[in-house]
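Trainee: Chain X: place on chain W using the hints.
Protein chains in written order, with our numbering: chain W, 7 to 151; chain X, 16 to 89.
It is worth saying that the hints were derived from the structure and are not from the lab. Note that the structure is a prediction, hence the values are computed from the model and not measured. For every residue, glycine included, the Cβ atom is placed at its ideal position computed from N, Cα and C. Wrong hints could be hidden among the right ones.
[Unchecked claim] Computed footprint of chain X on chain W, listed as stretches where at least three residues anywhere in the stretch have a Cβ under 8 Å from a Cβ of chain X: (1) 17–31; (2) 66–79; (3) 90–100; (4) 106–116; (5) 130–139.
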Amino acid sequence: LIVVDDLLLLHIVARRTHPAVDSYVASAARGDVFTTGSWYWRLARAITRPGRGVFSQYLGTSSADERLRVGAAVENLPHGLGVLSLRRLVPIMAALPGQLNLLTAEAVAAAIVLAASIAVTTRSNLLTQAAAAVNVSVELVDLHS
Amino acid sequence: MTGMAISTEELRAIAARVRAEAAAAGELVPSKVGEIHWDIPDAARAAVLEDITSGIYQQAVREVIAGDPDMIQL
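Looking at chain W on its own, in the form it has when it is part of the complex:
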């Protein structure tokens, strides 16, 4: 099992064809991919943020029905992708050693429960160190190659 960050999750659901992403897409089809509530929330906020993005422009020119459909898609993770609730994770998050922020604690706790590794698209010393302290491995996915 693998716990993925928001950008990798977005690559998976949007079916981006990329050598660094393909194996995660295959894992997701087997039901082996989870994310966290924090990463999912960050994705939902960022993707719908009004701005210069193509997706933002698309939403701005879409019909009300289309916007509703897209909104529902963002609000509901596709079946097959897992998220553990904070009801499960907080007891572990509270027991983790060190000074961690919510995003990091939730990711490490989810990986512990799932006996999973974590895959991220951005190098994070805090996450790497927190994961290492409890023997969770972190993979850095290079989306630029």
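Mentor: Frame of chain W, contents of chain X only:
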């Protein structure tokens, strides 16, 4: 979030209990297995792909998490 000073054995015990509860509730397996299907129009999906390859999405994340240390991958 500050962790309590507990032993590795205690953390393992908590994790085992939580894992058992989550498994019993069916939360460790997906509700459906198969190709991931995101129910959005093709044009919307194409727009998302353009934003993640151009870096627009990553910029939006930076704006979202600005001033929110709980959402930062430090």
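Trainee: Hints first: check each against the structure and report whether it holds.
Mentor: Now the hints, each set against the structure:
1. Only residues whose C-beta sits within less than 8 Å of a C-beta in chain X count toward coverage, and the stretch 17–31 of chain W has 7 of them, enough to reach three; the restraint holds.
2. Under a criterion of three residues with beta carbons nearer than 8 Å to beta carbons of chain X, the stated coverage of the stretch 66–79 of chain W is upheld, 6 such residues being counted.
3. Restraint check on the stretch 90–100 of chain W versus chain X: 8 residues with Cβ-Cβ distances below 8 Å, three needed, restraint holds.
4. Counting residues of the stretch 106–116 of chain W whose beta carbon lies closer than 8 Å to any beta carbon of chain X gives 6, which meets the minimum of three for the stated coverage.
5. For the stretch 130–139 of chain W, the stated coverage by chain X holds: 4 residues have a C-beta nearer than 8 Å to a C-beta of that chain, and at least 3 were required.
In this structure, none of the earlier numbered hints is contradicted; all agree with it.
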